[in-house]
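Reading the sequence shown from the start, the letters are residues -32 to -1, 1 to 459 in mature numbering (1 follows the signal peptide of the UniProt record, and there is no 0).
These are calculated hints, taken from the structure and not from any lab test.
Note that this is a predicted model, so its numbers are computed, not measured.
One or more of the hints may lead you astray.
Computed spacing ranges between beta-carbons, pair by pair [as the list claims (entries may be wrong)]:
no.: 1; residue 1: E78; residue 2: P377; range: 42 to 48 Å
no.: 2; residue 1: A381; residue 2: Q352; range: 30 to 36 Å
no.: 3; residue 1: R348; residue 2: D193; range: 48 to 54 Å
no.: 4; residue 1: T390; residue 2: G319; range: 45 to 51 Å
no.: 5; residue 1: D193; residue 2: P318; range: 17 to 23 Å
no.: 6; residue 1: E441; residue 2: R121; range: 45 to 51 Å
no.: 7; residue 1: S82; residue 2: T113; range: 42 to 48 Å
no.: 8; residue 1: P377; residue 2: P318; range: 25 to 31 Å
No residue lacks a Cβ here, since even glycine has one placed at the ideal position from N, Cα and C.
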Amino acid sequence: MRMRPLSRPVRGGFLAATVALVALPLGGAASAAGGGGGPSALDWAPCPDAAVAECATLHVPVDWHDRHGEQIDLAVARRPADDPDHRVGTLFYNPGGPGDGGIGYVMAAEEIFSPTLRARFDIVAMDPRGVGASTPVRCGLPVLTPETTLWPRTEEQFDALVAHNRAVGESCLEETGALLGHLDTVSVARDHEALRRALDVEEVSWLGISYGTQVGANYAELFPDRTRALALDAALEHSLPEVVQVADEMRAAEDSFNRFAQWCGTSDTCALRGQDVAAVFDQLVAAADADPIPVEGALHAVRGEDIRTGTIGRLTFKEPSIYGPDVSWAGLSRALAAALAGDASAFAVPGGEPQTGLFAQAGIGCMEYVPQVGTYEEMRQRIQLGKQTAPHLQGASETWQVNLCIGWPLEAANPPRLLDVTGVPTLIVHATYDPSVPYKWAHSLAAQIAGSHLLTREGDGHTSYYTSVCAREAVDAFLVDLTVPDREVCD
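Throw the hints in and build the complete structure from the sequences for me.
Quick look at the structure:
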C-alpha cells in the first residue's frame, strides 16, 4: 500500500492539470457494463491545455460482480504515437499512489516519457476509481484534524484515533456509497480491461510505477492473454502481513535517512554541510515534540511526527526530478535548515483545504490491508518497534499510514495474497536503497511472476525510470522489442 506521508510536498506543475479536469468535460462516454458484448467506442475530445492528448469518459460498474448495477465514471486520457507507421501498440501507464491520477502524466507526456515511448506507443492512462476526475471518494469529515496523531502516546489518544477513523469512514460511506467498498486493486485492474475493450485493441503493454506495479501485476494475473509486456518500476509486495510490511519499510526508510545524513554532512549542495546531520535531526524532532512549531495557515503546529513523515516524502528522490527541486535530498536539507531557524512550513499539514486526496488515499488503502493493531497495548508495542528499528525516523514510513484504517467500518476487499502470473514477459526494475519499497520486495514479486527478469539499480531513491538513463533505456527496449537487458545491474 502506498499511503503517502501526510505532509509530503504538494505535486504541482503538470499534475495540477489533473485537478483542473474535475470540472471540465472529458468527451463522450463509453459503457463497459455489458461485459460480454463488443466494446463501446470512446468518444475522444482534446484534453484541456494539452495540445496532443485526448480525453474521454468510460462507464464501469461499481461492483464487477454486478455488471448491470450502479455505474461510475472513469476519466481517461490518450496520447497517440508520434510515429504511427512504426507504432507498437497501446501502453497502459499507472503512476502509483494510491490516490494519484494518470491523466496529468499523459497530458505532460514530454516531461514523463522518453521520445522512444512517445513515438512507438499510444500512451493511455486513467484516473482510477475514486481519484481525480473520475467518480471521487467524498467524505463528510476530514481525515485529519488538529488532534489527529498516528503515534498515539496514551490510551486516550489511541481511542480517539480509532473513533475518528470510524466516524470518517462512516461519513465517506454515506457520501460515496457502495464505491467506497470497491476501491481495491483488483477492481482497478478490471477497469483497465474494460478500457482495453473500449479501445478495441487485442493486447496492451504496461508501465507501472510503485503502486502501479501492483495494478499491472494484478491485471497480468487476471488477463495474461491480453498483456503483451509488463514493465514494473519499484515493486510493491502485496503478499506480506501488514506487520511485516510496516517493519520492512521502517528499515528501508531508516537506511535511506542514514545515507542522506552521511551525504549531507559532506555535500556542497546540503544546507547542513559540516554538521552531524542525524544528531541535528534528532534534536529538531525532539524540540518539535516538546514545543510544536507554529506555522501560519497550517492545520496545526508542526510536531516531531510531522517532520519525520515529511522527511520520508523528500527522501523519495536523491536528485531533483519531475516533482521539482524541493523533493530531493538537497530540498530536504533546506527544509530542515529552515525548520531549525523557526520556519517549519515545509513540514506543515495544510489547513483550510479540502482533504480530497486523503479521502481517496485512505479509502483505497483500507481496501488493501487489515491493520494488525487493535488495542493501545499493540500500538505501544508498534511504536516501540519503530524506535528500536529506526531510531531517527521512529518507524515513519508510507505504510505507517495504515493506522488511518484502525476502526475503518469496511473490511478490506483485497487483503494481502500471493500472485500467480504466468505467460507474461515481465521486467522488474528496483533500486537497492529505495525508501518506500524495500529492495527485497523486488525479488519476492519476481518469484510470483514466472520468467520475470529483475534489473537492479545500484543507488538511492524511489523509482528508476524517471532518474536513471540506464534503467530508462532498458525499460524502453523491453517495451518496444521485448528485449531483456543483457545486464543485471544499472546505476
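Numbered hints the structure breaks, given as an ascending list: Hint 5 contradicted; others consistent.
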